[in-house]
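Working from the sequences, and respecting the hints, build out all of it.
Chains as they are written, first to last, in this note's numbering: chain A, 1 to 123; chain B, 1 to 123.
FYI, nobody ran anything at the bench for these hints, they're computed from the structure.
All values derive from a computational prediction rather than experimental measurement.
The reader is advised that the hints may include incorrect statements.
[Claimed, not checked] Cut-off 20 Å, straight-line C-alpha distance, at most; resulting in silico cross-link-like pairs (EDC-like, lysine to aspartate or glutamate): (1) LYS79(B) <-> ASP15(A); (2) LYS80(B) <-> ASP15(A); (3) LYS79(A) <-> ASP15(B); (4) LYS79(A) <-> GLU44(B); (5) LYS80(A) <-> ASP52(B).
[Stated by the list, open to error] Some chain B residues close to chain A (C-beta under 7 Å, calculated; not the full set): (6) ILE6; (7) THR66; (8) VAL68; (9) ALA73; (10) LEU82; (11) VAL84; (12) LEU86; (13) THR99; (14) LEU110; (15) TRP117.
[To be verified] Simulated DEER-style distance windows between Cβ atoms: (16) ALA30(A) <-> GLU60(B): 22 to 32 Å; (17) PRO16(B) <-> THR99(A): 21 to 31 Å; (18) GLN59(A) <-> GLN63(B): 56 to 66 Å; (19) ALA31(B) <-> ALA27(A): 28 to 38 Å; (20) GLY61(A) <-> ASP87(B): 47 to 57 Å; (21) THR99(B) <-> GLU60(A): 40 to 50 Å; (22) GLN92(B) <-> GLU109(A): 17 to 27 Å; (23) ALA27(A) <-> ASP87(B): 28 to 38 Å; (24) LYS79(B) <-> GLU60(A): 32 to 42 Å.
For glycine and all other residues, C-beta sits at the position ideal for the given N, C-alpha and C.
2 protein chains.
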Amino acid sequence: MSHSAIILFAHGARDPAWALPFRAIQAAVAASDQTKKVELAFLELMQPALPDVAERLIQEGVQSITVVPLFMAQGGHLKKDLPVLLDALRDQHPEVNVTLTPAIGDVPELTQAIAQWVIQVAV
Amino acid sequence: MSHSAIILFAHGARDPAWALPFRAIQAAVAASDQTKKVELAFLELMQPALPDVAERLIQEGVQSITVVPLFMAQGGHLKKDLPVLLDALRDQHPEVNVTLTPAIGDVPELTQAIAQWVIQVAV
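This is how it looks when you write it as structure tokens:
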């Protein structure tokens, strides 16, 4: 059993198709890194919620969780809502290592990749 | 004067820092493609709004606008709100060529880049 997990954390929306790109990323990560469980969780409007996913992973024996916010930028959701969830998780499970990564837009290699794509597609 | 423009379209947030990644993408695109004006517009909570940016560009002589939604996925904002804005723009300026690109999460090369980054940063 894997002891490390990745939770891809997305906003959620009423439209079920919203989840498709996140599922594609999940599948690509899971295919490339078979040493970790790779799960998807949502802030609102979609299930599963982050606390539920984390709880299940911990019950399965996971000792280290990397939370990756699949958000374009940091606003109230990542600065206020997510820290509350992570603080609660760390309080309830101090034995579990919970790591938070930057958002997509805070990663220069990703903003550069997006910029290069924009240049290609612009008419 | 350039006759083509790119409008990078983002959600917006109350936190001013939300705009920073989008400004970084804007700067990278503008630096690489100096044949086009490159502007940023927001759906809500931040200025400028898309119709205002488009109107100004058209008054400056722009005849072709590519709208690039810097959203992770397609939900109500891109399926309902954005088409209303684009329809109004095309109605008011039928002489202007308005092109819409996919969202970030609909572009396989970008979801792959995101997945590769996730694999690198996960503990």
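Checked hints:
1. LYS79(B) <-> ASP15(A): Between LYS79(B) and ASP15(A) the Cα gap is close to 9 Å, so the pair holds against 20 Å.
2. LYS80(B) <-> ASP15(A): The given pair, whose Cα atoms are some 11 Å apart, holds under the 20 Å limit.
3. LYS79(A) <-> ASP15(B): 9 Å, holds
4. LYS79(A) <-> GLU44(B): 19 Å, holds
5. LYS80(A) <-> ASP52(B): Cα-Cα ~31 Å, so violated.
6. ILE6: 5 Å, holds
7. THR66: 4 Å, holds
8. VAL68: Since chain A brings a Cβ to about 5 Å from VAL68(B), closer than 7 Å, the hint holds.
9. ALA73: Holds, about 5 Å.
10. LEU82: 13 Å, violated
11. VAL84: 16 Å, violated
12. LEU86: 14 Å, violated
13. THR99: Since the shortest Cβ distance to chain A is 5 Å, the answer is holds.
14. LEU110: Since chain A brings a Cβ to about 6 Å from LEU110(B), closer than 7 Å, the hint holds.
15. TRP117: 6 Å, holds
16. ALA30(A) <-> GLU60(B): 22 to 32 Å: At roughly 48 Å between Cβ atoms, GLU60(B) and ALA30(A) fall outside 22 to 32 Å, so the hint is violated.
17. PRO16(B) <-> THR99(A): 21 to 31 Å: 27 Å, holds
18. GLN59(A) <-> GLN63(B): 56 to 66 Å: The hint (56 to 66 Å, Cβ to Cβ) holds, given that GLN59(A) and GLN63(B) are roughly 60 Å apart.
19. ALA31(B) <-> ALA27(A): 28 to 38 Å: For ALA31(B) and ALA27(A) the Cβ distance comes to about 34 Å; the hint holds.
20. GLY61(A) <-> ASP87(B): 47 to 57 Å: 53 Å, holds
21. THR99(B) <-> GLU60(A): 40 to 50 Å: Given a distance of about 47 Å, which is inside 40 to 50 Å, the answer is holds.
22. GLN92(B) <-> GLU109(A): 17 to 27 Å: Taking Cβ atoms as reference, GLN92(B) and GLU109(A) lie about 39 Å apart, which means the hint is violated.
23. ALA27(A) <-> ASP87(B): 28 to 38 Å: 35 Å, holds
24. LYS79(B) <-> GLU60(A): 32 to 42 Å: 36 Å Cβ-Cβ, so the 32 to 42 Å window holds.
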